[in-house]
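Just so you know, the sequences run in chain order A and B. Letter by letter, the first sequence follows residues 1 to 116 in this note's numbering. Letter by letter, the second sequence follows residues 1001 to 1114 in this note's numbering.
Don't take every hint at face value.
[As the list claims (entries may be wrong)] Calculated Cβ distances over 12 Å to all of chain A for the following chain B residues:
#1 1014
#2 1017
#3 1019
#4 1062
#5 1063
#6 1067
#7 1070
#8 1075
#9 1112
[Unchecked claim] These stretches of chain B come out as covered by chain A in the derived footprint (C-beta under 8 Å, 3 or more residues):
#10 1041-1052
#11 1083-1097
It is worth saying that the hints were derived from the structure and are not from the lab. A quick note: this is a predicted structure, and the numbers were derived from the prediction, not measured. Yeah, the Cβ is synthetic: ideal placement off N, Cα and C, and Gly gets one too.
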Amino acid sequence: GDSVTQMEGPVTLSEEAFLTINCTYTATGYPSLFWYVQYPGEGLQLLLKATKADDKGSNKGFEATYRKETTSFHLEKGSVQVSDSAVYFCALSSIFGGTSYGKLTFGQGTILTVHP
Amino acid sequence: EAQVTQNPRYLITVTGKKLTVTCSQNMNHEYMSWYRQDPGLGLRQIYYSMNVEVTDKGDVPEGYKVSRKEKRNFPLILESPSPNQTSLYFCASSPTATSYNEQFFGPGTRLTVL
Chain A
1 GDSVTQMEGP
11 VTLSEEAFLT
21 INCTYTATGY
31 PSLFWYVQYP
41 GEGLQLLLKA
51 TKADDKGSNK
61 GFEATYRKET
71 TSFHLEKGSV
81 QVSDSAVYFC
91 ALSSIFGGTS
101 YGKLTFGQGT
111 ILTVHP
Chain B
1001 EAQVTQNPRY
1011 LITVTGKKLT
1021 VTCSQNMNHE
1031 YMSWYRQDPG
1041 LGLRQIYYSM
1051 NVEVTDKGDV
1061 PEGYKVSRKE
1071 KRNFPLILES
1081 PSPNQTSLYF
1091 CASSPTATSY
1101 NEQFFGPGTR
1111 LTVL
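Just chain B, with the same shape it has in the complex (with noise of 0.2 Å):
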């Protein structure tokens, strides 16, 4: 089946203690990003990849850290996460970055940071 997977789904941790969101998808697509999902504000971008060894900042890039060293993982690094970055994160892939193509996005892990 194609899709997107994320992990861990739900994350409960402290302030300062690094942590990694993994994504993966089984598509082939060139195009990930990162997302995260705050009331009222819709979903922005962190970070998106081109394609392997190509990674840029969204619009919230802050506080953030990504990696592609393979098509497939795009994995989302919060080095000393703080409770503002308490939200929903989606990961996302497409075949490549036009912007007519569909993304596809994966369920979401919902971070919460005390």
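Extracted from the complex, chain A is given alone in its bound form (with noise of 0.2 Å):
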């Protein structure tokens, strides 16, 4: 089945310091890419997404693109400020392979602190 890989975490930076975090997948088909953010006490937020081969997804600073020859989605931003800290959730959608229409399956996540 459908499964997607986030690097370990949690991840701390300084101010302004540039951010990556991994994310690969396994999928049938051709799936949408998803990173979803998830601010302490709320629910998770899309912010950005990509939903074919070479696509490049961008949103507030941040960036990440869909390589296929790689399954990577990898998230990324050059300067890092401490609002941005919180949970980042790599996912997938995909109508192929049995799985469920519309469901999203997620990594584990990577939880983000930004220090001044």
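Got two chains here, each in a separate frame; can you build the complex from them with the hints?
What follows is the structure, encoded as structure tokens:
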């Protein structure tokens, strides 16, 4: 079945540092890929998405590129802020391989803490 | 404001006492889903609904029931809760079940079963 693997966390950075959170996936067919963010005490919000190979999703200074050849969707940001402290989830959605329609398959989440 | 609401936000209960967690969305979405979030496991789908009166199991449906009598509501029912159902629960909705659609999440319900 489908699966998503995120880099081990937690990640602790100083403000203005460069961020990379690795994400790789296994899926049947052509999944759409997502990054969701969860701020403390809140539900998940979509951060960015990409629906086909070589697409780049971007939002709020974050970027991720859909790499079919390496089955990856790494999240990057050039200069993090304290307000970026949150849990980040990589996820995929596919209508192939017997998965339920619309289901999101999530990675385990990466806790990011940014210090001033 | 477009949103998904869940109630209650926090619940402590005892083993075997039936409970319902409500979920409602005001975006006229066809697709709704329940997930549970556990440390180190990410979110896993419990049940989903393609539209009114159409529901199906996700990856971890044991011990849960759902119903979809109206488009906007999708309650999660635990007939006889057990401690292994202690978790953080999220309801989500999207316009349709298409794979590229964003899903909108509720604020979560933290359930503790003693």
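Consistency of the hints with the structure:
1. Interface exclusion of residue 1014 of chain B from chain A stands, the closest Cβ pair being 25 Å apart, more than 12 Å.
2. For residue 1017 of chain B, the condition that its CB be more than 12 Å from all CB atoms of chain A holds, with the nearest at approximately 26 Å.
3. At the 12 Å boundary, the C-beta of residue 1019 of chain B stays outside the reach of chain A, the nearest C-beta of that chain being 20 Å off.
4. The beta carbon of residue 1062 of chain B is kept farther than 12 Å from every beta carbon of chain A, the shortest such distance being approximately 16 Å.
5. Under the 12 Å C-beta cut-off, the non-interface status given to residue 1063 of chain B relative to chain A holds; the minimum distance is some 18 Å.
6. No Cβ of chain A approaches the Cβ of residue 1067 of chain B within 12 Å, the least distance being about 17 Å, so the stated non-interface status holds.
7. With a cut of 12 Å on Cβ distances, residue 1070 of chain B stays outside the contact zone with chain A, its closest approach being about 19 Å.
8. The non-interface label for residue 1075 of chain B is consistent with chain A: the shortest C-beta to C-beta separation is roughly 17 Å, beyond 12 Å.
9. Every beta carbon of chain A lies more than 12 Å from that of residue 1112 of chain B, the smallest distance being close to 16 Å; the non-interface claim holds.
10. Remark: the segment 1041-1052 of chain B is confirmed as covered by chain A, as 7 of its residues place a Cβ nearer than 8 Å to a Cβ of that chain, reaching the required three.
11. Counting residues of the segment 1083-1097 of chain B whose beta carbon lies closer than 8 Å to any beta carbon of chain A gives 5, which meets the minimum of three for the stated coverage.
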